[in-house]
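Chemist: Construct the complete structure from the given sequences, taking the supplied hints into account.
In order, the protein sequences belong to chains A and B.
Residue numbers for the first sequence follow the working numbering, so the first one is 1 and each next one is one higher.
Residue numbers for the second sequence follow the working numbering, so the first one is 1 and each next one is one higher.
If you are wondering where the hints come from, they were derived from the structure by calculation, not from laboratory data.
There are no misleading hints in this set.
Heads up, the list lumps identical chains together, so a pair's fine if it works in one copy or across two of them.
Pairs of lysine-lysine, DSS-like flavour, derived with a Cα cap of 27 Å:
(1) K328 x K585
(2) K306 x K281
(3) K152 x K180
(4) K575 x K586
(5) K328 x K586
(6) K575 x K511
Protein chains: 2
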Amino acid sequence: MPLDKAAVRSVLDRVRSENRSSLTAPEAKTVCDAYGIPVPKEGLATSADAAVKLAEGMGFPVVMKIVSPDILHKTEAGGVIVGVASGDAARRAYDTIVASAKKYKANASIVGVQIQQQLATAQEVIVGAVTDQSFGKIIAFGLGGVLVEVLKDITFRLAPASRDDALSMLDGIAAAEILKGVRGAQPVDRNALATIIENVSKLVTDFPEISEVDLNPIFARPDGATAVDARIVVDFDPPEPRHRPSHDDIVRAMNRIMRPEAVAVIGASSEEGKIGNSVMKNLINGGYQGKIYPINPSADEILGLKAYKTVGEVPGEIDVAVFAIPAKFVAGALKECGAKKIPGAVLIPSGFAETGNVEGQLEIQRIGREQNIRLMGPNIYGFYYTPKHLCATFCTAYDYQGKVALSSQSGGVGMAIIGFSRSAKMGVSAIVGLGNKADIDEDDLLTFFEQDENTEAVAMHMEDLKDGRAFAEVAKRVSKKKPVMVLKAGRTALGSKAAASHTGALAGNDKVYDDVLRQSGVIRARGLNELLAFARAVPILPTPKGENVVIITGAGGSGVLLSDSCVDNGLGLMKFPPDLDEAFKKFIPPFGASGNPVDITGGEPPKTYQNTIRLGLEDDRIHALILGYWHTIVTPPMVFARLTAEVVEEFRKRGINKPVVASLAGDVEVEEASEYLFDHGIPAYPYNCETPVAVLGAKYRWARGAGLI
Amino acid sequence: MPLDKAAVRSVLDRVRSENRSSLTAPEAKTVCDAYGIPVPKEGLATSADAAVKLAEGMGFPVVMKIVSPDILHKTEAGGVIVGVASGDAARRAYDTIVASAKKYKANASIVGVQIQQQLATAQEVIVGAVTDQSFGKIIAFGLGGVLVEVLKDITFRLAPASRDDALSMLDGIAAAEILKGVRGAQPVDRNALATIIENVSKLVTDFPEISEVDLNPIFARPDGATAVDARIVVDFDPPEPRHRPSHDDIVRAMNRIMRPEAVAVIGASSEEGKIGNSVMKNLINGGYQGKIYPINPSADEILGLKAYKTVGEVPGEIDVAVFAIPAKFVAGALKECGAKKIPGAVLIPSGFAETGNVEGQLEIQRIGREQNIRLMGPNIYGFYYTPKHLCATFCTAYDYQGKVALSSQSGGVGMAIIGFSRSAKMGVSAIVGLGNKADIDEDDLLTFFEQDENTEAVAMHMEDLKDGRAFAEVAKRVSKKKPVMVLKAGRTALGSKAAASHTGALAGNDKVYDDVLRQSGVIRARGLNELLAFARAVPILPTPKGENVVIITGAGGSGVLLSDSCVDNGLGLMKFPPDLDEAFKKFIPPFGASGNPVDITGGEPPKTYQNTIRLGLEDDRIHALILGYWHTIVTPPMVFARLTAEVVEEFRKRGINKPVVASLAGDVEVEEASEYLFDHGIPAYPYNCETPVAVLGAKYRWARGAGLI
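Modeler: Have a look at this one:
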């Protein structure tokens, strides 16, 4: 049905003119009618005959209520009769109500009697919309009633929600089964509910001044759904949205910042221990091949490079200026960068919003906008971009190239990323500190990494999203091509309190983050540990072509733990067709467990591992392998590692590239074997049945979200 | 009220004599009455006068139903009237029912009319009891209704349940808040519900032949609770319980097995690669100082030790015989061990139940019982007991002594334990393989470790419990003194299916395990990874004296992640009194975050870490510290590690021994620093904000369960 925007506009104009912040019940009904949201039928009768006619039109039973500006407490006045079940009863009720009202207040002005459809009890659900500081308009769906209020079983999506979004919400609550009909109950009308969700989300999108909608309860029946109560709140003076440059502007500026041909270091220094000295050393020793311009008013040369008093004196173009000066000098230097048309500033200095200097941060933000300079930071360690051997940071140099880009809001977490990367020999394309995010934030970075041919996956630590909607939009697009993994800190009330005191950011309701990130195809990590594990393994795992996962294990005990992990990570074990079961059985001892997990039993020679892994790769009904190795003298760890890498490599050469992960149980030699496997594209972990499955599960979540399986 | 056992006995005798497996509704009512379980009041009226009197006695409204052996379909016969609200109505209803019944079936024998209290709708709950194969009688509590059936929100305890157990069950469901009254509803009568739980658990304990009780629904009101429907199932032929030696017998035998003075190796061999050769080498090279008797019918000497043809030929006493012979020879050799009065056999051989040879396993089980030999295994790697330098295993020798004992049901997991222990330098007192658990199982081991002065904590991997009740009893006692940590594999449906095919064990409902293990004070690990982390850290952490946890961090970002982890692990952050906040503020820069986490900010010198850690240890309102370190040039990793260890050590010398854990963010040097801290009694982890808090949380869970805080 067509939506009647004019009707809503007229209601909102009246509300605005009367300086109200919420709609009356009749106004809310008008809005619901205009946007195809079913509400109980109702009408005003000014005679007993009219009451009968109205009631017959909407169907019995009905509720009848006095309408009088002079009577506030309708029930007390004898002005409400429920369960009116026939025409006769409606006629009698009309007369009774009017008589009671007159008796209650002789001089009351009586407008008439409201007749309202009385709905049979049904499954209660809730649909709502709220305006989130970071995500803007979001829509919520949950079951009604006391249990759900206690269990907080609710799901969110960005508005506007598509039909698919709306339907996915019905499955997005823990108690979803109830809507499908349990214990012989009929299922509710999913289409009717989806339509309400869609239309509410259109309503708040079309009219941004509607800040909140609460349809609670909605009676969901097998043949429709009706919102029994509707509450609508408005805000005609919303906060200004965060500035967002165009996509092309972002790409142009970010490419110059991240892959510069010339870098200026403002505050470059020859003095050991100074940040401006560390940055210079890292640029030079890191192997950066572009031009480096030290800027220092009182030096002619720094570390063998000609120094300039200001950026203005530099003869050539500068792509990015790295700031290594105290906070108070930043604004002035930024203006000079503007004059020199430098498109990006990396603001290492702290002393802005994080220390309470909000004014100072607003000032540099303003200068950045005026001068058309994108700002990274302030309060950051800088960034690395390994394809250019660029270490624009005061931290230690890092130059092990790989496919994954990482970012962190916090410097401490950034240092952990650097340490882990080096220790695990995890090659990276970039590591970026975002700090206070006065300007450049996660969606700018994602937009850059999307088109950066050196980056195949992105892992981000964040405490808040300054513009969650922008991030969700970009992530939804990017995650179709490259895995986007996120650690959102401040998941819990305690954590988000710590986040608030740390960054001045008000962390949003975590369930909103959870649902919106999932809706955007983002893989969420539960902790730093997991983010790093994902970042290391997900990019090297090939994309699975289907859901059929098979465990091949030498240790039955590992098979059990790996199976548990599969469930924990949303993976199902393939049910073997008889021929496949027979095929595996040929290779394993008669007492080995057939079926999935394939338990080849301990004490088997290398050949048994080889044969079963080969079969797992060969059969195109199988899409991914989880290996459980058990250290024995017959097949020592490095023998297992080499044979596995060899078989996998052989199949890759034949164009068969399935994800394979491994859990190694054994004495310390399994550590070396795990490293060997990792180096050969097989994520492998010693003494651990959880992480191999978690990283495979992450790859699957990504592939599903990207529509690849 | 006193329980009427005789009434129940008489009902059960009748049921048994009639060969029935369930009770009729009146029988169930009799049982409920006898055990103080309120059911709706009811009575049989044989006249209208009697009906009025009965109804008045129980209070209106009532339900009235024809009672006639000739009328099965009461409603069809017009024999049921509900909502009878007065004496007059009861009189009329009696006459109507009898008349209708006669009209329906003229020759029906009419016994009378049943009058039953009609209860107002109330909060529905469920109390049940079932007989679990491993745990015996267990009692269940949950909310009734469709939502809970879908959400499976239910909790279990071993029967008999104490009053405290019963009350804890009311808080043990996710929707517990509902019982306390939400949205203005009155709370239900907790005492009434606890009484029902207690009494049902007494009922099934007193009468083991009652295999199942299902009170569903129970109407829980603010002033009482009534079981509306009661279903009781009986089993007069239950399976025989698992044999269990007396506590003293277990201790005596286990001490001789685990700490022997003399070990025989049956199947000892000089031939490289044979299991009997590996066992001999491990015994000798491991440094075992007791007597070693190689048994081999065709050798005079093995590895320089005199060999014997049978154990019977050995001159002295033997405490334990390690079997390294094929399965088919085990039974015969066991009998010889019996004749020699050897109290224990370590059955390394496989080829029993795990390969389908159930008969063979039952045979050796029988021989063990007859000959009074406790059996470890079969199908195991053996065991280690480091205080005696004893490696009774074919795996590699291990001799790094420590306080934690570990066991595994699976050999593969056992090898992972050994590898991890060696790699992490985790000292152990024992590592034991339990395999098929034909005899010795986890409760025997726990009973041994309880009194073993070399063991201060126990970590166990298990796939099932052959006698869950015995384990729970022992664990409840032991966990009061020493932390007991358990990884129960087969948590999930997939995992338990894998467990079933692997061990022939039917893994129980995981929620039962979860609740019973918690009730027994056991700390449950979610994966192998976590079990090993717990095993390494929990024994070295001192026991906290209270719940006040404080985070001190150099990286605000770590503070947020550590706070999230606190919530995940059931830890709350102490709310600072003003004086404590002031005291911390003195040591940190003005822009550092006061409150908890204490954010000392990055770039601080060693003194700041020192001062704040010192304050955290000094102030006796603080009970545990979580440190978040951020690698900087000002305070490098090893400087932080040394100063932290020094301060902690200083306070330990003063008798102040609080648990301290650390998360280290930084470049690779944080790995060495973490190891240093671990060596000094401070569990520390690089690049990881989750594990430090998880191990502290495990220690807290234990301390709470043991009643120490």
